[in-house]
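4 protein chains.
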Amino acid sequence: MDKVRVGVLGSTGSVGQRYVNMLRDHPWFELTALSASASSVGKKYRDASKWVLDTGMPEWSADMSVVAADPKEFRRARVELVFSALPSEAAKTIEGEMADAGFAVVADTSAHRMDADVPIMIPEVNSQHLDAIKDQKRKGKRGLIVTGPNCTTSGLAMTLKPVQLSYGLRTVLVSTMQALSGAGFFGVPSMAIVDNLVPYIKNEEEKVQQEVLKILGDYKDGFNNAKIKVGASCQRVGVLDGHTEAVFMITEKAATPEEIASCMERFEGEPQRLKLPSAPMPPIIIRKEPDRPQPRLDRMAGTPERARGMATVVGRIRKEDALDNGIKYVLLSHNTIRGAAGNAILIAELLKAKDMI
Amino acid sequence: MDKVRVGVLGSTGSVGQRYVNMLRDHPWFELTALSASASSVGKKYRDASKWVLDTGMPEWSADMSVVAADPKEFRRARVELVFSALPSEAAKTIEGEMADAGFAVVADTSAHRMDADVPIMIPEVNSQHLDAIKDQKRKGKRGLIVTGPNCTTSGLAMTLKPVQLSYGLRTVLVSTMQALSGAGFFGVPSMAIVDNLVPYIKNEEEKVQQEVLKILGDYKDGFNNAKIKVGASCQRVGVLDGHTEAVFMITEKAATPEEIASCMERFEGEPQRLKLPSAPMPPIIIRKEPDRPQPRLDRMAGTPERARGMATVVGRIRKEDALDNGIKYVLLSHNTIRGAAGNAILIAELLKAKDMI
Amino acid sequence: MDKVRVGVLGSTGSVGQRYVNMLRDHPWFELTALSASASSVGKKYRDASKWVLDTGMPEWSADMSVVAADPKEFRRARVELVFSALPSEAAKTIEGEMADAGFAVVADTSAHRMDADVPIMIPEVNSQHLDAIKDQKRKGKRGLIVTGPNCTTSGLAMTLKPVQLSYGLRTVLVSTMQALSGAGFFGVPSMAIVDNLVPYIKNEEEKVQQEVLKILGDYKDGFNNAKIKVGASCQRVGVLDGHTEAVFMITEKAATPEEIASCMERFEGEPQRLKLPSAPMPPIIIRKEPDRPQPRLDRMAGTPERARGMATVVGRIRKEDALDNGIKYVLLSHNTIRGAAGNAILIAELLKAKDMI
Amino acid sequence: MDKVRVGVLGSTGSVGQRYVNMLRDHPWFELTALSASASSVGKKYRDASKWVLDTGMPEWSADMSVVAADPKEFRRARVELVFSALPSEAAKTIEGEMADAGFAVVADTSAHRMDADVPIMIPEVNSQHLDAIKDQKRKGKRGLIVTGPNCTTSGLAMTLKPVQLSYGLRTVLVSTMQALSGAGFFGVPSMAIVDNLVPYIKNEEEKVQQEVLKILGDYKDGFNNAKIKVGASCQRVGVLDGHTEAVFMITEKAATPEEIASCMERFEGEPQRLKLPSAPMPPIIIRKEPDRPQPRLDRMAGTPERARGMATVVGRIRKEDALDNGIKYVLLSHNTIRGAAGNAILIAELLKAKDMI
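Residue numbers (the numbering used here), protein chains in the order written: chain A, 550 to 906; chain B, 550 to 906; chain C, 550 to 906; chain D, 550 to 906.
Worth flagging that the hints you see were computed from the coordinates, not collected in a lab.
Computed from a predicted structure; not experimentally measured.
Treat the hints loosely; a few may be bogus.
As the list makes no split between identical chains, a pair holds if one copy fits it or if it spans any two.
With a straight-line cut-off of 30 Å between C-alpha atoms, the simulated DSS-like cross-links for lysine-lysine are [as the list claims (entries may be wrong)]: (1) K599 x K751; (2) K688 x K769; (3) K903 x K686; (4) K751 x K592; (5) K868 x K776; (6) K802 x K778; (7) K837 x K599; (8) K778 x K868; (9) K621 x K690; (10) K778 x K837; (11) K683 x K776; (12) K802 x K776; (13) K837 x K593; (14) K751 x K837; (15) K903 x K621; (16) K837 x K592; (17) K901 x K641; (18) K802 x K868; (19) K599 x K868; (20) K593 x K751.
Extracted from the complex, chain A is given alone in its bound form (with noise of 0.2 Å):
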């Protein structure tokens, strides 16, 4: 099989550099173009990018020249599949421009997420939601266009869909504990943090309530939101990667935290029946100690090596008793892989396996 070739967009940020870090090896695509702002534009990647993975950087990559994001550039490049990690400011225009130019673009950014004709895809929860693309081809996109969740949405959608499969959901309320990384390398001020947390991230608590009903709602004409009541607190931690997120639940029916337990542990989706190659298995791992997930010993959590980071782990599933039908447990989400470039990736895949690009 000829590797379909794919570029990044905002390629020396720290999810950029995991796009690029995750895209070593990948037996179906090949990265044939790394973007940046002007500043960077003709450098060495080497040199464009101050490299913040403990990996080191691939060799392939450091002297790849950095190009413009620009189409004629990509075209050049042959590039079919464009991932984008750029600022949201930047993602309005470049991203709508490469769909006009006839690219796929896979988006973890804001900028599309509640357009009318643009999912916001997790592989395993909403692959049925790609029949929105082929909308936005019946509308004469030359390209197309589908995003990734916020970084927190990410492990939350993962984790309730299986239990809204099974028992129906009410309401969801959710308070995390997010990790440095989710602002970038620049993000969040050493002095800000150390001995300390936030209390806030901007306009995340709204992303995550609008996010999740339009992930575990319908596509038909057009997207219907999930008739699920969501409320979220968020917090950041001085944690380097990985999001924690208390949950707490009020299902349709009646289930017990074991029942709860083995919904989510047999869960699986498309990336899994196709066996995509970053498909973790299973994509919940539930842990029974009483003090995990964890970030620093979770984070990493996926099988096989390439689905490392991709895999949502769940812990600490117990009753809530303030709450009829009340469950709680607290997940883990790497926020750069299975929150961005990860899960991009894995909708590539699955894009590729469907015969969409």
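We have chain A already, so just place chains B, C and D on it with the hints.
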């Protein structure tokens, strides 16, 4: 006025040190007995205690000889009131012995919190529970026992009380981000918490749930729990001092965030009315900034100087649309001051002001 | 005595805040002008400054209007002495303008430190360098400029001085572990320092080497560097405040660790003799415990209350057998107090006591 | 080739876990015995060991039954070579018993490091010290004992060796910033290190000074220390893994920083010549960036995959003008891999390649 002589049980630990520190130049109390475990007895306090506060050890305490946790020793030091910061196993026995020997015991340990005639006292919240002590006397106890709440309960109950009074409370869910000092100096290994968090604190959720109901309930020939549903998810984060809590609540009567803020801001209790030396004025501080409270910036809040760390700081009060009559907010309370030593000293001041010692 | 009116240049940054905080109730100085960059001018200090100290912002400062860094504004506020906490580019111009306009400028910036007639002053160490100011006057300058040293130089020069006086110094090597606040609030991203350290601080090693020689040298018709060899390796670690430095030294005359401790412990300078309000008594504190000094426990050392954070704490003084006449020790100095605002205030007190303002 | 059966003494601790992790799929060794203290004997490894690495516990180890640290048990498991990660008190006795019982013991403990016929082995640096083992045999020992150095010595001796060979070494001073894992999982309480550092590690400076001299010395009918002067100042910082060391040195012959970099970069030893499975190629990596090495980014350096964490990373090589023939640099070495388990495995590979087991 002659000062009341007081002693501290468990004076060398981190809460014990808080007592010693906060009793510097106390206008009503004089610390004359410092006890610790057998291996420390006879040593100078300077040598028995590895001081961990950035204030330095008070000079007068450094040369005191550590005594055994024995009523005879405390009588010899002419102690009238005993603060207990004992580990829980030791607390059960020794606090009882001290009360039997005629001392007034103010404990921030859990040993006697759920006893039928022992109040869990937050002086601003439930000073009327001092009636239980009269029943202790009536039953023939020579001394008395009062306890303070768990460090997590403390800030929560403080902020719930004004809401309960003004709007009624139906359901409370709290997700905590608790400080390291809550586990004692040696409680949490650094390897367990750097770049990490631990979503579990043994028995903590149960304590919070039980204690809030007792504190917010009535006392009339016995304690009657408040008719509120309380659920908790407790997590440990890498912060030295100051418990942060994300609270979701359902009130009986609808209230706007402004109304909630206002009722908290105007709240005051017996300590404020009696102008007790360690009473924070006001007990609850509302921060308007979007990103407060933060532990490092707000944990020492409290006016006057002697009440530093005694105020509970609340921010981010907002509507929770996922719940009917839903409100959510974030609170911060200093766990070893308001949640332990400082609260106990305030109880002692209340006992003194009420002529109960 | 009428108070001297003072102003602060760069009042909203983290060192600027230290000035405001340390000038609360100052017996000799009254703060009447707070300046900041154009975007803050006209705002209340409360709104212009994101306060990061755990003491809370002093009430009287909160309502002051921020003014431009303009001599006219400072004259209008009847300022006599100006403290500068400006960023280095701005410092070069504005400090000179202020001195030209007749103000006494006390700067903890590097802009003028190596000027031929400007002393780098640590009042205990080189108060005789005030002679340079007389030469400034002689040259016709209307105001005057004095600087404080780099925050890393501060504790080092303080501890070297008594050794130089008693035993002579040949060579000094220092390896630093510097606090985050030294880089300003936004200086070090959390992603760069959590579970990490950075073995590089731009220009820092050069500054330490040069400044120590000037400070420990003579002034006689110009500065003559001390005949000492100084080398440094500077590292940043994840500590909020307090620079720790591991020092190796070769003395001229042999000295035992006890003798070194003793000469440091007995050391005092003009501030102690003049009993200046912010003078720490003593300026160097020797800790005997094997594991001190530690930043969190020792950075606020200093007696009396107004001198908290002004003492330099030394521990682990021992022989270094790898060097002839070798000694090694560890020192700790609060970088934004003794290494910046506090040292500058002490300089101002010295100027006042010497009738130079 | 049949695999050599190996066992691990002290397999449940943090270094013990590193052994288990690094022996996954080892081409030459098969792990057949995991021992731990009495309370763990008979349990599954999964239950006896609280796994702290982010890789997850290898499946095959999880079901192994933990055995006693008894030669009979190890014989039953047909072990030939024993890795020891015992606490130091236990090490003294048990390692000797194992050697007496005929096992080859490779220890990263300090118990036997200074024994007259036991080498402290860094395979790249002093493989010729294996001659000492022949003397062990000659004295009639049935098994043999080899030790690895203290985790701080490891990277230091590695980087000193090429300089010693090319330019000669006169004096070495090192100031360390050591990781938390060096003290074991429970070694450093979080309250002791968050927003702090500890400038003391018991016996560490003495070990570094002694071990470097033995490792860089000769073996000829006994060990002869190198004629170098070595001094150390050891500090603990809040980093999980990876010791950073700031080194000052005086060479015999003058050398430029470029020459020092070059001799380190070209350095290789027996493991590289023999292409041992865990040998890093090259053993020393020179970083040119001004701000490297950094523990989080560089501690896992090492190629090929099996040698991750085995390379020593050096940066900031520069002239030290305060010393004649002075050079300074910063090094980083992974303390539980290169400084413990990984180095021991490399020793074992060397023994195997040399037919000494």
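Query raised in the report: Is it within, between, both, or neither for K901 and K641, if the alpha carbons may be no more than 30 Å apart?
Result: within (25 Å within a copy, 60 Å between copies)
Query raised in the report: Should K599 paired with K751 be assigned to within, between, both, or neither, using CA atoms and 30 Å as the limit?
Result: both (26 Å within a copy, 17 Å between copies)
**Report entry** Up to 30 Å CA-CA - K690 versus K621, copy category
**Finding:** within (18 Å within a copy, 62 Å between copies)
Report task. State whether the alpha carbon distance between K751 and K837 is at most 30 Å within one copy, between copies, both, or neither. Result -> Classified as between; 15 Å across copies, 34 Å inside a copy.
Query raised in the report: Is the C-alpha distance from K599 to K868 at most 30 Å within one copy, between copies, in both cases, or in neither?
Result: between (46 Å within a copy, 26 Å between copies)
Requested in this report: Using 30 Å as the alpha carbon limit, work out where K837 and K593 are close: within a copy, between copies, both or neither.
Outcome: between (47 Å within a copy, 16 Å between copies)
Query raised in the report: How would you classify K683 and K776 at a CA-CA limit of 30 Å: within, between, both, or neither?
Result: within (25 Å within a copy, 54 Å between copies)
Report task. With 30 Å as the alpha-carbon cut-off, assign the pair K837 and K599 to within, between, both or neither. Result -> between (39 Å within a copy, 13 Å between copies)
**Report entry** Identical-chain pair category, K802 with K868, by Cα at 30 Å
**Finding:** This pair counts as both: shortest intra-copy Cα distance 13 Å, inter-copy 27 Å.
Query raised in the report: 30 Å Cα cut-off: does K837 pair with K592 within a copy, between copies, both or neither?
Result: between (49 Å within a copy, 18 Å between copies)
Query - Intra- versus inter-copy proximity for K837 and K778 (alpha-carbon distance at most 30 Å) - result: both (28 Å within a copy, 27 Å between copies)
Requested in this report: At 30 Å max between alpha carbons, let me know whether K802 reaches K778 within a copy, between copies, both or neither.
Outcome: Intra 16 Å, inter 20 Å, cutoff 30 Å: intra and inter.
When the structure is compared with the earlier hints, no violation turns up for any of them.
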